[in-house]
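Using the hints, position chain Y against chain E.
Top to bottom, those sequences are chains E and Y. Using my numbering, the final residue of the first sequence is 375, and nothing's skipped along the way. Using my numbering, the final residue of the second sequence is 316, and nothing's skipped along the way.
Among the hints, a few may not be true.
[What the hints assert, rightly or not] In silico BS3-like pairs for lysine-lysine, Cα to Cα no more than 30 Å straight-line:
1) E/Lys197 - Y/Lys302
2) E/Lys197 - Y/Lys42
3) Y/Lys42 - Y/Lys182
4) E/Lys197 - Y/Lys204
5) E/Lys312 - E/Lys197
6) E/Lys197 - E/Lys308
[Said to hold, decoys possible] Computed beta-carbon distance windows for the label pairs:
7) Y/Asp179 - E/Phe135: 49 to 59 Å
8) E/Asp294 - Y/Asp51: 55 to 65 Å
9) Y/Pro76 - E/Phe135: 45 to 55 Å
10) Y/Glu267 - E/Asp294: 21 to 31 Å
11) E/Ser271 - Y/Gln84: 25 to 35 Å
[To be verified] Here are some of the chain E residues that sit facing chain Y, going by a computed Cβ distance under 7 Å:
12) Ser117
13) Glu288
14) Leu347
Read the hints as simulated data drawn from the structure, not as lab findings. Note that CB positions come from ideal geometry on N, CA and C, so glycine has one too.
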Amino acid sequence: MRPTFSIICFTVLSGLGYGAWFLLGLLAAADWPCGPAWTPSPDLCLRPGAPAWLGPIGFVLVSAGLLCSLGHLGQPQRAWRALSQWRSSWLSREGVAALLTFLPAVALVLLDFAAAGALAGLAPADAHALRAGGMPVRALLGGLLALGALSTVVCTANIYASLKPIRAWHDRHVVPGYLLLGLYGGMLLAWLADALPGWSIGTSERRILLIGLIALALAGAWLKHRYWRSIDAQPATSAGHATGLSALGTVRSFEQPHTEDNYLTHEMGFVLARKHARKLRRNTLAAAFLLPALLAMLALAMPAIQPLAAWLALASGLAGLFVERWLFFAEAKHTVMAYYGR
Amino acid sequence: MTSLPAPTPKKLGLVIDLDTCVGCHACAVACKEWNDGGDFGPLPDADPYGAQPRGVWFNRVHSYAVEPGIGLAPGIGNRESGIAGAKDNASSPRAAASPIPDSPFPIPGLTVHFPRSCLHCETPACVTVCPTGASYKRAEDGIVLVDADKCIGCQLCAWACPYGAREFSVQKGTMQKCTLCVDRIYNETLDEADRQPACVLACPTRARHFGDLGDADSPVSQLVAERGGHALMPEFGYRPVNRYLPPRPRRDASTAQPAAPREETLDREKLPGVLRWLDRVLSR
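The shape of chain E in the complex, shown without the other chains (with noise of 0.2 Å):
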């Protein structure tokens, strides 16, 4: 399949900012670091930490990955006709839910900035008051912006996933593996959050945002090996099959309908990526994930250097996700291109 920038931009960003969404909005639901079933670094909680910054970021990717997929479209001014067909099309339950998601997500940022103001002019004692009270609805807020950034990733990865002309993307891999990797890209995001002056976490809450990242970035890598062996395993779909007659003999193309390249051979007849396959995909893991995770690993044994860590992280994780979803489309074949031959 031609991998379209549109669409690419579209799934990286929109996942990142989901990934991000979904750990603000867990985190949120757990009342994490400051809750009573914590024990917070002192001070941590009268400050918006870095959970806090992953709601504006969020927003920044969700919005600029689904204004990337009206890119992809014809008629883009229609976009809103997508919003009806939820009860058969994953493409219109994806919109749906990418919509509702924006609800809780923009009342969870405003309360945490809102109270972040009202909280600065407080006595400790009064302020952790004033937090308690909010809990409930911060908590409710975060559980249904968790719930929502979930449900609209698994829509994104069902709209490939359910397309069973394109074998490589009816995988069972896929959904996971959309899910796992937006969530990574989350992580990335959230440790750069804690590396910005300001909003940085405690010491002890770092070490697990670490660990969580090593953690994750690991089962990223198993989960993509486990993925491109699936798909290498899948059978070609032969012209004969294609056309029923295997039964009579060897079917081979001799001639196409047309000369020159139309719209199915110049979109779904794209060969690059699986000529480069093996490389590729070897630069993807080591970029998205084994990079990364040797970077915290460093940053975990030496502090110093975890902004630093922390932007090179996201700089290459972010560069191994564009070519895991380039790479994602552009190898994938359909099964039209059987009756081409090809």
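Coordinates of chain Y only, in the frame set by chain E:
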């Protein structure tokens, strides 16, 4: 609505005879001509006289060489049924023998021309994936259509179709596909004989047949039953309505049998009395 209608009793579709199709592309050209001006047109090309005249065609004709493959006897074309499995051949000593003994030349196999267009599936994924409701299946006759006023041009339906039936028009920004000439077949301003898809009328070898495949007694259904017509890639579960009739068995020198003398029959009761008596006497 892109949810599918209840199973339609009427299933209009095409039956394409791969035995008689000569690959002349008249169906494809007639289709392009009619639909460029019909209710669902135009079908503009990006660069009609240039190097890349990319544009939408509802019907594209492929040409295949079918060569006897591994495990298949060279005389596959001589089998009783046009479609025969490899297992069948192994058990039949005649099929394994070379049709022309000691011939240094392999049997050339078949040339099959294969027109490919929308199969108007009973449960088409191209309809259910559509986010806008532009893509729909008609409850009254099962024809799958695109409402060009609602289509946003996301191209998801083209991805969802394993048969390549849908194409994106860059000029219009929407998807286009075979309409089974819905603007012809019910068109009362045309002569009744002309109320057929343009491709069917244009075919010089009558390789294309149009009719109701939901009615087991219709001429098209009987043709499918008689010739063992098949659906394309049924494993997808989209239940195509169109059927393809396989090439008929080929004859050559080795299998051409002298015609067996035909058994004559005589109805004694119809003979005049004298001859009836003669027949009885001679039959003793």
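Evaluation of the provided hints:
| no. | hint | verdict |
| --- | --- | --- |
| 1 | E/Lys197 - Y/Lys302 | violated, 66 Å |
| 2 | E/Lys197 - Y/Lys42 | holds, 27 Å |
| 3 | Y/Lys42 - Y/Lys182 | holds, 26 Å |
| 4 | E/Lys197 - Y/Lys204 | holds, 27 Å |
| 5 | E/Lys312 - E/Lys197 | holds, 27 Å |
| 6 | E/Lys197 - E/Lys308 | holds, 23 Å |
| 7 | Y/Asp179 - E/Phe135: 49 to 59 Å | violated, 29 Å |
| 8 | E/Asp294 - Y/Asp51: 55 to 65 Å | violated, 31 Å |
| 9 | Y/Pro76 - E/Phe135: 45 to 55 Å | violated, 39 Å |
| 10 | Y/Glu267 - E/Asp294: 21 to 31 Å | holds, 29 Å |
| 11 | E/Ser271 - Y/Gln84: 25 to 35 Å | holds, 29 Å |
| 12 | Ser117 | holds, 6 Å |
| 13 | Glu288 | holds, 4 Å |
| 14 | Leu347 | violated, 31 Å |
Of the hints listed earlier, those the structure fails to meet are numbers 1, 7, 8, 9, 14, in rising order.
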